[in-house]
Each structure stands twice: as structure tokens, then as C-alpha cells.
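**Student:** Each chain, written out:
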Amino acid sequence: MSLSLLVQALLNGFGLAMAYVLVALGLTLIFSILEIINFAHGEFYMVGAFVAYLAFGVWGLPYVVALLAAIICVAAAGVVAERLVFRHLRGKTLNAFIVSLGLLWVMQAAAQLVFGVQDKSVPSAFSGIVRLSGVVISVERLAVTLAAATLIVALYAFLEHTRTGRAMRATAQDADAAALLGVNIEAVSALGFGVGCGLAGASGALLAPIFSVSPSMGALPVLKAFIIIIIGGMGSLPGAVLGGLLLGALEGVGTLFFSSAAVNLLGFLMVIAVLLLRPRGLLGGT
Amino acid sequence: MRTGLSVVRVVAALASVAAMAVWTPAAAADKVLPIGVLGPLSGGAAAYGLDTSRAAEMKADEINAAGGLKIGGDVYKIKLIVYDHKASAADAATAANKLVSQDKVKYIIGNTVGATCNAVQTVTEPQKVLFSFMCWGTKNLGPDKPYSFRSLLSQWEVAEPFYRWVKEKHPSIKRIAAISPNDTSGIDTNTAVVKYAKALGFEVVADEYYERGTKDFYPTLTKILALKPDLLDVAAAPAGEAGLILKQARELGFKGAKGWTAGVNPVPMISVAGKEAAEGVWTPANIDVTSEFVSPAVRKFGEAFVARYKEVPGAIAIANYAAFDVITKAMVEAGSLDTDKVLAALTGRPHQTIWGPVVIGGKDTYGIDRQFLYPVVIAEIRDGKLVDLAQVAPIGLKK
Amino acid sequence: MAPRHAAVSPLLALGLLALAGVVLPLVTRDSYYLDVATTIVMSLLLTMSLRMQISTGQLNMAHISFMGIGAYTSALLAMRAGLSFWLTLWVGALVAAAFAVPIGAIALRLTGPYYFLITFAFSEVARLIFNNFFVDLLGGPSGLVEIPPPRPLLGVAFTGKLEQYCLMLALFLLGAAILVRLEYSRFGLAAGAIRQGELLSATLGVDVLRYKLTAFVLGSAMAGVAGGFFAHSHRVLHSSDFGLEPMVQLVIFTVIGGVGSIWGPVIGTVLMTVASELMRELRHYETLVFGLVLILIMLFLPDGLVSVPSRLVRALARTRARRGAIGVDVAT
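Chains as they are written, first to last, in our numbering: chain Y, 609 to 894; chain H, 2 to 400; chain B, 105 to 436.
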């Protein structure tokens, strides 16, 4: 077991971790503000990927435009979903669960009807490989990591330093108290849902050129997102980043020694361990 | 006053309709033959399921347009009944039950996804329903399942001739790595590849599996490539995932030979992998309907399929189309819809199909002749197109 | 403390259900209808026991895994040890309950969404084990095949759809009777109190953990019975039979029916199963329609289908009141 192999394995794990963290952050934001777990979150990720496929792959617009288009379209879709459906389900976990499942099926079936079932490929926006003493770094993955990290930092700035962001955090902490303080809960919920979905859509658009695009592509990322926010702590942004890095490390290095099924098993055992020992997650606060 | 006149009008209308029904000469006694098709029509495996059902639709429409099937003294129009089992074994059993007891189906032509075939067989075998499928797995065929057929070459027919060809034409290749999804077809394919490659003298350095739906293969590829294989076989990976594996292997620096033992549809694979990563991939038993090497019949089928469904068909579609063809012709020849009689007309002689001549054999492998056998065409992907290199006999077919 | 009052006497409701179940095979012997009916009755056992757990404030996403434990245990004992189904069925249920004790004790240290997530994690661990580990024993991704059917009992063979339906009906009615007895006893009162407010209940002296754990283990045993039946009637087991998709289906049936009433799952399971069988004709539009149905029902009937009768009654009362106030027929 050479050092360069181990380093490569770690880099493999970290390479796309930030993109998954984006998905996780969207999920946890929605959970914090509306107290519901949106199972259709992976489908918003998928829509972002398809928007990127159309804008960049089919219509040939510049990649940055495609990325922005994906974020805006998916965020808008999220706001619509919240206004039409989810606002009535605030706090009703069971009902929201069923509704989000229904939405999952509707979105997947619609995507299949519109785009067909075969995987679509999206051309790469960046190409090139950097080789450093036996370790391979894909420029594309590096670009994705940087873009995702930028969005994460932007989200942090938004939540900490803007009035709307602080209103969101207040609502997440205690919706009733926030309402008493004059926060427009309805608007914050809609916006929060939109931002959460927008993050998932961004991730989908970022990963579209690296993976292929298909209607069922949202299942695995959303599963990873759940694991990430459990480990890192629901409602914690730095927690999600840490969770993403830990999961990435487990998968990257674990695959060297174990079968893929065993690595998955370890991931879930890690989840159980964290839930038992530190249910709020490693960096979960309140 | 509305009542009186309207009653008269209604009665008159009804009377004229009744009269027409009595006086119109009865249409030529066209009976209906229900034929069932099963498959995953939604979810991750939908590409296989839709290839199955669409091919059946095309053949059924062709037969009906040509006047139907003349069996015994009657003419039958085919009515296709298609159900989605969403890749769930329990759902497949219920759907099969509905086909057999509700829809009165005696023939189910088409199904994919390993465990579902076993589930369907628990319904079809006891009721003597003929079941033709494309699932991979040794347990699907056997003397205890006389009404089950596989219409697509499986890894048990293909792996040995393929690796024998590799050994003869490319003797410098010694180390093989195989990667497949972690499900029935993946495990069976890797098992066949490992068994036959070792028997032929190759060294199998990696026998790896990934969870279905995986898109990031860097971790698994890093592990495999560290073992320095000469040939990377993406074995049973479906088109999209095979394309990703090859693309990412190239990014990680792999420059060796590439194989795709169980590949069935190169066009989407090449689209995902990109031309450079797909260049040089060897694939037996695959088919590219747009290639200049295929027969006019296949080309015509491909064009009609694309025109109707806007997606390119793979080997699964062609296999089900051929099965539909062969089985309906056997019904005509047997002059009966009784499955035992049709069984007798099917087995024991070659059939002319869109693949060319097909023999139903496989007794040495399965204990009973129920596997469709046709030549294994070993092809290489060059510049985004499939180029035929050699034609060899599958296991079980004595050329 | 008097047990809760129900709108309809629970014994009467149970009796009606039993009657309907017994009448069905008199009306039809069609193999497909019996097959669907058997599936419905098996799902009823699963959803009613799930609902019992939900009534104590826990959404147990590993319910299906205990069905799996019961299924594999019963199948393997019959195949490897040559034991009779009539014994292995109950051993399977006991083994499921035995696993439920430590798993429940661990999981129930958490509440709400955390409990949901940890039970989900357990269910994935179980599924991965069924699919990828102990392959010689459990069958791996190819599944466990050729499970023997139940041996003949009292001269009756259990290989046909009719006999299997009757067996499942009997098992279900047994389970339902237990659940009804529980619901309208002190257990039901305590469960309701726990669901309304855990902290308050604990302060009032309710041993919250004991009730929840009892519900967890009992529900798991019932799931194990359903699993044993499933194994020997389907004769093929695969890890996907005990994964997220079937578990989600159970939750949907239960919640759509309505968790407020013990009969909610009955309405939900029957109607949704029949609806999805009818929707088979839609082929690849099936999923789309099903999804829309879920969304619409949850939006317009948040308490589930079981709330329809009371809503109708209230709507009628409102119309009558309006009419009375104005003195004229409002609806023309």
C-alpha cells in the first residue's frame, strides 16, 4: 500500500464531497425552516442537471450561464412547490413525508416522459488532468469543488450577514418567536425552500458533465446527503462540510480495502453510532 | 312538454343501432390472442424494460397489419398486454398472475431483471404458460422449467468464445480485471468471466462489484488500476454506467485493452464515455443498428424503432423481436395455441430470424434446450461506431 | 380508567372485517383476485401493526426488516433443518421479536426525526446484509429460491391460492384481535397520551420507554409472522422485498388511511392496493398518477381517508344549519 495510493484514495473521496455537501445543505435548510424532510430533494438535483444538459449540452450556452439558469429554475420550482403544497404541511412530518414521496414520483415520471430513459451525457466544461507524483487530479473535479465551495461560502455569508438570512435562521431556531419579532414566516418559508432546492439544483448542474444525466439520478446523492447531515448535525453548515469530508474519506479509503457493499454498510453503521453517541451530530448546536 | 317526443326519438335511435348490428355482415371471425409482456418500465432499469415492450409492440403491429396469425382454421389478431413490475420480484409475480388468470394469457414474451424471472416462473411453470425472457442467471433455465426460454445470449454462451478470441488475437494480454453491478446479472457475468478466463490461462487480478446507481468510479478504479490489468472488462455494466467507468478509467490514466462482455447497446455507452474512452472497446453479442455491418433486416428494424420511439434499440429489443417472431411462427406451424404443441414446434429445429439462423439449444449448460443460440459477433468500437471483427460460435452451438 | 370509546364498536368492526374476509372466496375463486386479496390481508397485518407503533409516537422505518428476519428464518429452518412451516412460522416471529428487543432499546433512546433516521439506517443495514453477506445462507443478490410451501395440515394442502388466502386471513384476524384489544385498553390510553405529549406523560408517571418498546417488539413479531407467510407462499426471497420501496408503501397505506384510527390502515391498504392494480393498465404513466393521487389526498384529507365519513357528517350538518338559518333551500 503505497502512500500515493492512499493519497489518491483520499482525493477521490474529497473530489466531489463539496457537491454532495451542497445537496445536504439544501436538505437541512428546508428541514430547519419548515420542519419537514423533503424526500423529493433528489429530484430537484435531477432537474438542475437536466437544465444544465439543455442549456449547455443541447443549446450550447456558456457553462456559467447554464449553471445560473439551473439554480434559478430549480429555486423557482422550489418556491412553487412550497406555495402550492408544502406550506400546508409545516410541522406535519408524516403527511409531508407522503407528499414528498408523491412529488418524487411525479417529477421522476415526468422527466422520463420528457427526456426518455437513456442516460444523456453533457460535455465537459473543463478538461485536463494534473499528475503530481503518482497522484491524478482531474481539473474538472477541482473546478466543481471550487464552485461548490464558493456557493457554500456565499450561503454562509447570506445566512450570517443579510437580514433575510438572519430571518431564516431565526425562523429555524424558533418560528413562533420569530413571528412575534415581526418576521414574515410565510415569505421566509417560501424563500428558504427555494434556496434549499436551488442548492440541490446547483449541485446537479455541477455534476452533470462529470456523470451522466438520467431521471433516476437523484436517489444516491440524496442518500449521501442524509448521511452527511446526520453525521455533521442537522442545521449546522460547518457540520455538513465536516460530514461530507468524513463520508468522502470513508468511501475513498474504504473502497481500497472493502467491497462496495461493505463500504455502504460501514456508512450506515457510522450513522447509527453518531445518532447514539452524539444525536445532534458532530457539530450540531442547539 | 319534453317527454313524449324524446322517448320516441331515443327508441328510434336504439332500434336503428340494433338493426345495423343485425344486418351488418359479421366481420371475418377475427379472434383475439392476448400475449403478455413484463418488464421494468420505470425506475433505473427502464431502458431494458422499454426495449422489451417496444420490440414486442413493433412485431405485434407488423403481424396484425399483415392480417394476423392464421392458426388452425382461425385468424387471430394479437392483443399485447404490458405490465410494469418496477424491478420488484413480488410485483412481477402479481403481474404475471394477473396476466395468466385475468387476461387469460398463455404466452409471456419478454421480461428482464434477474430475480423477477424466478418470481414469474413460480406462476408460469405450474400453469404451462410459455415464458420467454432475457434475464441472465443460471437458475432461470432447467429441466424443471420446460416452458421457459431465454432469447438473448447470456454470459454462459458468450464469455468463453470471447476470451478465447482475445487469447488468440492478442496474446500479450495476460491480466484481466472485471467489474459489474452488484446484482444477479452482474454476479453471474463476473462468475462466468472469471471461470472461463482462468480456464484459458489468464490471470484475473480483480473481480469487483459496485452498487447499482453509482456514478463515481474513481475509488473502485483506483483499487483496480493499482493491480495493473492488461484488459478492463466492464462486464455486465449497463450502457450509462459502462460509459462512465471507461471515461473515468481513461482520466485516471488507463491505457490498456477494454472489453464489455455483456454489453447490449453501444450507442448510449459511447455517448456517455466519449469517443476517446470508447475507442477500442471489444464487445461480443452487442449490436449497433446504425452500423454498416448489420443485416438489412436489422437496419430496417432500427430505423423504424427510432422513428417511432426516438431512442436507439439495443440487443435486448432485437432479441425480444426475434423471440416474438419465432414463437408466433411456431404457433402457426403447430396449428394450435396449446403450449405443449407449440413447444414441440419450437424445439428441435433451427429458425430464421432477424439475427439470421437461430437454434434453440443449451442442453450441456442447462440440462435442457431452451437457450436461443446465434453467432457471437465480436466487434470493436472505432471512432464511435461498432466494427465487426469476427464471428464465433457460442457455447452450445456446434457450427 | 375506562377505555376509549370508538365511533363504531370495535368488536363489531372486527366482526364485519372477518365477515368480509370469509365471504370473498365464496364470491370468487379467481386466482388473480385471491392473489391480490392475500397480498392485501398480509399488508393489513403489517400496516395495522405499524400504525400501532405510530400511535405511540414512533415511525419505525425498520418494520419491513423484521418481516425479512421472520421470512429468512422460517425459510432457512424449513430448507436446512427440514422443519415444518407450522413450526418455523412462529420461530421466525420469535426471532424477529428477539432482534427487536436490543434494536428497539437502542433506537428508542431517540425521538422524532432522529428515531426515524436511526430506524432507516438499521433497515438499510439489514437490507445490505440480506443482499450481500452470508451469501451461502441468504442467497445474495440472486435471492433465496425454491422455498418449500407449507406442509399439508389436517389433510389440507396449502399450495393453492384459496388455502393460502384462508391461512393469511386467519393469521391476520388473530393479529387484528390482539391490536384491537390493545387499542381499547390502558395501553391505548397511554399510547394516545404519549403521542400527545411525551414529557407530560412521563411527568404523569407513564413509563414511556416501556410502552414504546412493547409496541416495537410486538409489532416486529407480527411483521415476522407476515414474513414467514410471505416466504412460503412466494417461495422466492430477495433483499429488495425488504427494502425502502416496500417500507415506503406500508407507510403510504397507513398514513393515507389515517393514523388516528385503528381502522385507518384497513381503508388505506385496501383502497390503495386496488387502485394500483387498476392502474397497471396505465403502464408507464402509473407512477405519475400514483404520485399525484398521494399529493392530492394528503392536501385535501390530511387526516387520511378514514376521516371521510366524519367530514361528510360535518359538511352535511353545516348545510343543514345554513338552511335552517336562512329558512330556504340554499342549493338550487
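Hints are computed from structural coordinates only; laboratory data are not their basis. Glycine residues also receive a C-beta, built at the ideal position from the N, C-alpha and C atoms. Take these hints with a grain of salt, some might be off.
[To be verified] Heads up, incomplete: computed chain H residues facing chain Y, CB under 8 Å, no partners named:
(1) Ala67
(2) Glu212
(3) Thr223
(4) Leu245
(5) Gly254
(6) Lys256
(7) Pro269
(8) Ala346
[Stated by the list, open to error] Every beta carbon over 10 Å from chain H, so not counted as near; a handful from chain B, in silico:
(9) Leu116
(10) Leu123
(11) Leu180
(12) Ala202
(13) Val249
(14) Phe334
(15) Val340
(16) Val378
(17) Ala425
**Student:** Double-check proline 269 of chain H for me: the hint is only fine if its C-beta lies closer than 8 Å to a C-beta in chain Y.
**Tutor:** holds, 5 Å
**Student:** Would valine 378 of chain B pass as off the interface with chain H, using Cβ distances and a cut of 10 Å?
**Tutor:** holds, 13 Å
**Student:** Was the hint right that alanine 67 of chain H lines chain Y, CB cutoff 8 Å?
**Tutor:** Check failed: Cβ of alanine 67 of chain H comes no nearer than 29 Å to chain Y, outside 8 Å.
**Student:** Verify this label for me: alanine 425 of chain B is non-interface relative to chain H, using a Cβ-Cβ cutoff of 10 Å.
**Tutor:** holds, 36 Å
**Student:** Examine each Cβ of chain H, and state whether all of them lie more than 10 Å from the Cβ of phenylalanine 334 of chain B.
**Tutor:** violated, 8 Å
**Student:** Grab the minimum C-beta distance from leucine 245 of chain H to chain Y and call the hint holds if it beats 8 Å, violated otherwise.
**Tutor:** Hint holds; leucine 245 of chain H Cβ to chain Y Cβ min 6 Å, cut 8 Å.
**Student:** For leucine 116 of chain B, is the shortest CB-to-CB distance to chain H above 10 Å, so the non-interface label stands?
**Tutor:** holds, 32 Å
**Student:** Tell me if the interface restraint on alanine 346 of chain H is satisfied: Cβ within less than 8 Å of some Cβ in chain Y.
**Tutor:** violated, 35 Å
**Student:** Hey, does the glycine 254 of chain H contact hint survive, CB to chain Y under 8 Å?
**Tutor:** Hint holds; glycine 254 of chain H Cβ to chain Y Cβ min 6 Å, cut 8 Å.
**Student:** Under 8 Å, Cβ to Cβ, is where glutamate 212 of chain H needs to be relative to chain Y, so tell me if that hint holds or is violated.
**Tutor:** holds, 5 Å
**Student:** Does leucine 180 of chain B clear chain H by more than 10 Å, comparing its Cβ with all Cβ atoms of that chain?
**Tutor:** Fine: 17 Å to the nearest Cβ keeps leucine 180 of chain B off the interface.
**Student:** Take a quick look at valine 340 of chain B and tell me if its Cβ sits farther than 10 Å from every Cβ on chain H, holds or violated.
**Tutor:** Per Cβ check, valine 340 of chain B is inside 10 Å of chain H; nearest 5 Å; violated.
The structure is inconsistent with the numbered hints 1, 6, 8, 13, 14 and 15, although it conforms to all the rest.
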